[in-house]
Amino acid sequence: MAYLAVVDCVATMDLIVWFRLAYLGAAFLVLLISLTPALSSRFLAYGPRAATPASSNKKPAGGQGRPKPSLFPKLLDSLATINVSHSWFASFYAVSVTLSLFWPGELAIGGPVFGFIAHAAGQRENSMTIRQVALVWALLLIQGSRRLYECLTFDSSSNSQMWVGHWILGLGFYFGTSMAIWIEGSPKLQAHTFTISDIAITSPNVRTFIGILLFILASGFQHDCHAYLASLKSKTSSKPKSKAPENEKSTSSQYKVPEHPAFTSLIAPHYTAECIIYAALALIATPTGAWLNWTIASALLFVAVNLGVTAAGTKIWYERTFGPEAVAKKWTLIPFVW
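Using UniProt numbering, the letters of the sequence shown correspond one by one to residues 1 to 338.
Simulated pairs of lysine-lysine, PhoX-like, Cα-Cα distance not exceeding 25 Å:
id : residue 1 : residue 2
1  : Lys330    : Lys256
2  : Lys315    : Lys330
3  : Lys256    : Lys233
4  : Lys330    : Lys233
5  : Lys233    : Lys315
6  : Lys256    : Lys329
7  : Lys329    : Lys315
8  : Lys256    : Lys315
Calculated directly from the structure, the hints in this document are not laboratory data.
These numbers were taken from a predicted model, which means no experiment stands behind them.
Please work from the sequences and hints to get the whole structure.
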């Protein structure tokens, strides 16, 4: 009977619930990988934080090789070698911008893709307004366009790679988020006939005003951080390449602790800004009569977990490479909390 009850519950869940569960499941997966040494050492770190492959193959003193690894570690090692260039990050934002441009037309004409998703989303008592949908769509388009521009102009050529799982998860996130921003407004979208007055600018309420202000400030702050980090890369690449062997010492000579004021109290302030941006979207997109847009809030939770794990790894790498003083009195992601 319990099994049948679970089946009935799953069968009655609408697409909005599945979106939220997907974000929460992805966040749980990232946490699980980060807390499992056999997985985190293989799949999380990339760029300068990644372990040197050759170091794992060194033989101990005495000429005796390591015991032959079992099948499972060998399988994990094989999966960990499936990498893509770190420059592929740009594809995340290319997907985001492309879908942001696709959905307005699909929504306006009531296309088949929109019809299928709206039907699967079901009917809910609380719904976003048409103006809320238009606003969060525009803000996500701005965010995606800015990040795509930064990837194409700031990211210098490098040999850094990331595990293909990162790339697939990122593509899935931006694909889903392009729909998550309007799916809680699908009842109003289905019943609405679009006119030119829908794009008229009106005075925002307090919630929307605060959300827009947070979005603008966090976006500008993040852009400044990205520009500064890009300037560090350009300075490093302009220096003569060292002939020293690839070890921790040579790595520290190529990288340095950021000295920008934004990095004074935070390990990765650009990650904190990303969380604020999605918090602002969740606030602006709150359906009528609700406390928050819980679909976008679920996306925010995934962003916070994913970037929090990365920031924690960066903090450990800074401490090992530059000493404990490099990370002293610095918050990992959330000021005064963590």
